[in-house]
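Assemble the whole structure, with the sequences as input and the hints as a guide.
Protein chains: 2
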Amino acid sequence: MPTSYFMPARILSGKGCVKEHASLLAGMGRHALIVTGRTSARANGALADTVAALEKENVSWSLFDRIEANPSIETIREAAALGRAQASDMVIGIGGGSPMDAAKAVAALLTNPLEGDALFAGFYPNPVPPIVCIPTTAGTGSEATPYAILTDHAMQTKRNMGGSELFPRIAFLDASYMMGLPWSTTLNTALDALSHAAEGFLAIRGTALSEPFAVTGLKQMIQVLRELAVLWKEGVPADEIPFVIRESALIGSMFGGITIAQTGTTLLHAMGYCLTYCRNIDHGLANALLMPAYFEFLEKKMPDRMKLLFGHLGFSSAEAFTSFLKTLFVMMEALPESDIDAYAAIAAKAKNMSNTPVPVSLTELSGMFAACRLPSG
Amino acid sequence: MPTSYFMPARILSGKGCVKEHASLLAGMGRHALIVTGRTSARANGALADTVAALEKENVSWSLFDRIEANPSIETIREAAALGRAQASDMVIGIGGGSPMDAAKAVAALLTNPLEGDALFAGFYPNPVPPIVCIPTTAGTGSEATPYAILTDHAMQTKRNMGGSELFPRIAFLDASYMMGLPWSTTLNTALDALSHAAEGFLAIRGTALSEPFAVTGLKQMIQVLRELAVLWKEGVPADEIPFVIRESALIGSMFGGITIAQTGTTLLHAMGYCLTYCRNIDHGLANALLMPAYFEFLEKKMPDRMKLLFGHLGFSSAEAFTSFLKTLFVMMEALPESDIDAYAAIAAKAKNMSNTPVPVSLTELSGMFAACRLPSG
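Residue numbers (this note's numbering), protein chains in the order written: chain A, 40 to 416; chain B, 40 to 416.
Derived from the structure by calculation, the hints contain no laboratory data. Careful, some of the hints might be misleading.
For chains that are exact copies, the list does not tell them apart, and a pair is met inside one copy or across any two.
[Unchecked claim] Think about it this way: if two alpha-carbon atoms lie no more than 30 Å apart in a straight line, the pair counts; the simulated DSS-like pairs of lysine-lysine are:
hint	residue 1	residue 2
1	Lys390	Lys54
2	Lys258	Lys272
3	Lys58	Lys390
Structure (structure tokens):
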């Protein structure tokens, strides 16, 4: 069966890499639209570095700083309208997955009139302008994927707008911007990155060309999580998490991104989207809370493959992995019984269902939601 | 220190992948120049598949089938002249490293007048037309690098013409084309791929972004070599080497290519170029014959790093690795003493010297050449 590998983004990493490589921005466009959230890019210095790099290279810019978590189609259209009004010919996304995904969607909309479901058809008649991503969390891996995950209120879930035209041209990985991240974001995003590597390892679409990236992501992220678990237990404040751990997480999450850029995600993400949409649970945390049930389910269905997965993570079984997770989160409250079947029905409709390595019945899906435990009321 | 990762080639793999993805060729140009050697691409079916794919998509084509091993600047210029005469706007290299590297150099020359040393300056004022690579050996990894290694008779060695514009747009990895490779080529190229992974692991330019690729290449190629060693010892004919081993070698060598695309090579390649140029020893074999001396030298200089390297390979020391190599080659004849200092002087001038992880004196270089043993008179 023919298989493929493609990840054309140029990755630049290290302290100060945005300023160091400012000249690369000059070749990409004349007016940049910077797409970010309300506060973090200002607080962590990424916005200032980007603006300084653009101004040094005489690239003019506009700012859209109202990307919310799990950006909606409406917000994306608003940002694209600003970009068109300013004749933007490149888009820079700064932040976690939400602003980076938004930057991709906005770039596509700058040159392509995509109405209704055409937004999710993955077909862009006109060339998409260059996209630059500057991650300021280590989880999504969006800087190395062609995906833009948007919230579709009509569908009551998150949907994937994608296409290889949406790969960033350049990604700048500077872990300095992560030094102020709180513990919750640090852990949730690390678990998101771990889920990408794990799901890429398990996905139907996984191949010999993608597996090395999955294994790299698995090993790097579990090492990061083990180090974080020690610091967390010791009560170390989040802003004292060492740069080397932050950087290792940033690189590990990029490998997770490269992985899912090839393989896509699986049922875990489909279920997670549901918890995020319906219960406003952070994306990485949603995946993490569903991991025990998902891994235990797969351990019964495909024990050999799961043994390999746990081997790369350094655990003997799903149970041992779950015990480790429980050192990071208290998982106690079940989902309301009345909602579970509805969640299962929504998750079953997601595209990533068909990429799950074993068939899953609606009853089994409900069973996984029923086994899920949330941290608190 | 800022570091980077870039490998924009789209990799397509699997039996029949050229025909399967013929439509991708249509979008790339109107007249393809196919660059290959005299015989192998005809014998292994790669040329016929390529021509069929082009004709299906109504892309016209010309053939330059006189690329020699270690292609000279003169040959490249001749092929480029043919391409210009035919108004070629894409170049397809089919074969081992020589035709693939030649395709890149020819593509650059199609649109850029590069005289004298400008050929090696890595600067291409005009856009380089799209390059497609179809490897028919598993060693060079050229399909995933921006390098074109040419023989410079004036400099009496091989030189690297490079630049990110020379990355192939697409690489087709179909191990079917390797089923007829003789044992010598199979082993020499596998050792070349191993040397890429090992040198990338050791190179000064190695980073956290390149190391996962190096480790993947190391593990995959040593596994291939161990499997080949068993078959070789059992006297299995080369054309009975299983497809799965061929394909694993092809993917492993691609990971070696991705590695050196980031890190470059080191002294081992510099020394190897010398043996190839001066004694006409096949490139992969030249590297393999110098490996014992190089690894033993580094084991003394940087024991911890070499222990990690041997750990990934599953050996306890350079000596154990050399013993394994000796199951594949008889190494007996020393180089003529009178030539050794001259070889050392040539190798010392190579660019890859400065990428070697420890400083090396001329005396030490001569010592490594003196320790090298050739298979036969």
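Results of checking the hints against the structure:
In this assembly of identical chains, lysine 390 and lysine 54 lie within 30 Å of each other by CA distance solely across copies; the values are 28 Å between and 38 Å within a copy. Taking the closest pair of Cα atoms, lysine 258 and lysine 272 come within 30 Å of each other only inside a single copy of the chain (21 Å); across copies the shortest separation is 35 Å, beyond that limit. Taking identical chains as interchangeable, the C-alpha atoms of lysine 58 and lysine 390 lie at most 30 Å apart only when they sit on different chains, with a minimum of 28 Å there against 39 Å within one chain.
In the structure shown, no violation is registered for any of the earlier numbered hints.
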